[in-house]
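Q: Which chain is which? The protein sequence lines are U and Z, in order.
According to the numbering used here, the first sequence holds residues 1 to 784 in order.
According to the numbering used here, the second sequence holds residues 1 to 60 in order.
For the record, the hints were derived by calculation from the structure and aren't laboratory data.
Here the structure is a predicted model, which means the values were calculated and not measured.
Each residue gets a CB set at the ideal place from its N, CA and C atoms; glycine is no exception.
Among the hints, a few may not be true.
Said to hold, decoys possible - Partial list, computed: chain U residues near chain Z (C-beta under 10 Å):
| # | residue |
| --- | --- |
| 1 | Lys-123 |
| 2 | Gly-133 |
| 3 | Ile-703 |
| 4 | Thr-707 |
| 5 | Lys-710 |
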Amino acid sequence: MTCCGGNIVADKVVEASRVSAQADRLGELTQYADKAESGDTRYIFACPQIHCGSCIAVIEKQLAQLPSVKSVRVNLTLKRILLEMAGNAPVLPAILELERLGYGVVPIDGTGLQQSSAGKEGKALLRALAVAGFAAMNIMLLSVSNWSGADGPTRDLFHLISILIAVPAVAYSGQTFFSSAYKALRNGHLNMDVPISLAVLMALGMSIFETFAHGDEVYFDAAVSLLFFLLIGRYLDQIMRQKARNALDGLARLAARGANVILPSGLLEYRPLDEIPVGSRLRVVPGERIPLDGQMVSGISDFDLSIITGESEPVTLKDGAQLMAGTLNITAAMEMISTRSVEKSYLAEVSKMLQSAENGRGRYVQLADRMARLYAPAVHLLALLAFGYWMFATAGDWHTSIYIAVAVLIVTCPCALGLAVPVVHVIGSGRLFEKGILMRDGSALERLAETNHVVFDKTGTLTTDRPVVASSTLVDLPIGSAERELSVRLVKALARQSSHPSGRAIYGYLDSVPASLSDEIREVAGCGMESSHEGRIIRLGKPEWVAEIASGRAPGHGSHDNNLNDMAFAIEGSAPAYFRIEEELRSDAIAAVSSLKAENLPVDILSGDRSQKVERIADQLAIDNFVSNCSPAGKMDHIRQLQQSGAKKVLMIGDGINDAPSLALSHASMAPASASEIGRNTADFIFTRNDLAAIPDAYRIAIKARTLIKQNFGLAIAYNCIAVPLAFSGNVSPLIAAIAMSSSSLVVIANSMRLRWREKAGKNVEAASKVQSRPNLKPEFRGA
Amino acid sequence: MNILILLIPIALAMGFVGLLAFLWCLKSDQFSDLDGSAVRILQDDSVISEKAPEVQKARN
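Next comes chain U alone, as it looks inside the complex:
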């Protein structure tokens, strides 16, 4: 049970910002505090990294040892921590302890009603299910006695007791269906709940009438067990949604909710974003994202724009540069003046595009609803026909006629249909969950199965957010030579202190060598790292900056030196060494793309990055269609063109803020867990693994799920083909109805289960791939 070691990731950049932001976080955290009656303070934290029993043990054990912690309880299902602090004790020590253990946490507003509404809904459904179950069992007990021959006053007594159980049970458990049916009718259309409500109510009314007329055949058991079966389907559906919602909540890191404002007196104050007027002076430390659009006024630093524009390499900006909200500050603390308010910032503009795109997709109608549109009128028509036919055949015996019409309604009641879709969705989402894919709702699975064209974003989606060293001229030096040994050690020492992605790539590249350097190292923003060795300056950074102290050029470097992503190293007065830095493809990207192609899905790349880089990645992946220098609107246009004139259904995979509108516009969408918050909130699926195999996996599961749903519909219809003529001809007794209903539901559930069974053979392979790829859950590093 030691699967959690990998969580402990010491990220220097994050570490630095953590320390400087601690004071601010304290203020921010108190707004989530919830006062208990005992005077203690309660907090709820979402923690996506919790994933096994030892996580529970570690967290509960370690936090309980802190003096101010009164109680701590981990919820593994919801991946949440409930923390109670004694009195008004600050919660920050507990959070730092959690972070030390490798668990990043996000406070959740425990006081807000919104958070708990989903939980309440689930509980209400479960309560209704319990009541319906209790009623169904007891009524069935009485019904079985009747079917086995009870008659006369005993039978009437049993019927009376059934009424006493059934009426309150239906009134309580049926509310979900009745209110939904009422809503649908008021809006002038039919959904599945209309025939359900009608069947339950008519069966109940009819049976009550029969009881007092001393009749023999009553449908109390059918009415209540119908509700019982359907509530199972509803509850499963609800659990699935809640689970996905919680997982996403946990991933959704706090956006820059506030910023450090520099007051005229020179003091810093942490303020929420919407309370910062335009023209305020703000301070942004390394590792933080720019909170508002603005202009840089002092300092010089490197910025990572990848999540905004898709451009992969950091840019150096100084005084006077325009900054967009969401940009990540990498190297140095700097000051800026806000020029636009929150509502008008770049992020808000993208959000607006997003809304317009989402409106278009709202038109998708789920399979179950499409089915209901055909099915509900057909059922009502059949019941009416049965009534009319028997009125005619029996020359006006309305009692028999209504009785048969009700039997038709009960028998055709979409019990199996009500289960056909949710069961498959729940099992499908469970399978996706095992593979590290979170699904927002069931309709996403249906839409994914319909897609026939795939569009990828490049930066952060096909590639990781960490570049790697592709080649280095250090290798050209003779192995074992003193010069090589020294250079390698110095480079490693410099790179270790660097917060720039390229510096970290070099540090990773020199993994196995020791670092040694005693002199102080300083980071020159926009240039690189500088120090000295035995009285000579040493530099690791941009080639032109390093060339200032170097003499001559290293042989064989060729034409790479104008590539901004390259790094150089030199000791004052000697020849420089170069590193070629490239983006790294996500593991399995090639396999994922080729298996998508094998499924007959054409693949495109739409990127905001420069064409030369996009081309290189496209080459590696053997993708012919790629567009570079794409703006968010450009991406949308491309997808719109594919979907409208090309009649394609596009699956978009992207992560950045610039991808969000196209994620919303496309037929189905996926985003990695490292995506920007807006991208994650927009995408239908979030994959938490590092490799892209998640995409073909999800697609195959979606296709399989669609097949199973269609089979389930087929089974339900086949059942009706047998049951309806029987009911129509007046040959269905309550006993037959009860058996037919339960068995059709069981058949549908059993068929849905095959979504799990079929994969069993490949399970070992899966387990192996799971070990290799750790979930990419590091909310503290990414997210606007």
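Here the structure of chain U is known, so what remains is to put chain Z in place on it, guided by the hints.
A: Only chain Z this time, still in chain U's reference frame:
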């Protein structure tokens, strides 16, 4: 058949007690963390610290 007067209330009462027990479990949040309960049962008791009585009280 007089025995039914006794048996039926007993049968219903037993069912009803079961229902109440379930609703009580639901209300006291015993179904809020099904995955967690499944793994907690395998944990050593030492996980609960000296604060245990206090923790228990807070949970209730």
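Q: Would the hint on Ile-703 of chain U be counted as holding, given a Cβ-Cβ threshold of 10 Å to chain Z?
A: Violated - the Cβ of Ile-703 of chain U stays beyond 10 Å from chain Z, reaching only about 28 Å at its closest.
Q: Can you verify the interface hint for Lys-710 of chain U: is its Cβ closer than 10 Å to any Cβ in chain Z?
A: The hint is violated - Lys-710 of chain U has no Cβ within 10 Å of chain Z, the shortest such distance being about 31 Å.
Q: Against chain Z, with CB atoms and a cut of 10 Å, does the hint on Gly-133 of chain U hold up?
A: The hint holds - Gly-133 of chain U has a Cβ within 10 Å of chain Z, the shortest such distance being about 8 Å.
Q: Thr-707 of chain U was flagged as interface toward chain Z. Is the shortest Cβ-Cβ separation under 10 Å?
A: 29 Å, violated
Q: How about Lys-123 of chain U: closest beta carbon in chain Z under 10 Å, or not?
A: For Lys-123 of chain U, the interface hint holds, since the closest Cβ of chain Z sits about 6 Å away, which is under 10 Å.
Violated hints, listed in ascending order, are 3, 4, 5; each of the other numbered hints is respected by the structure.
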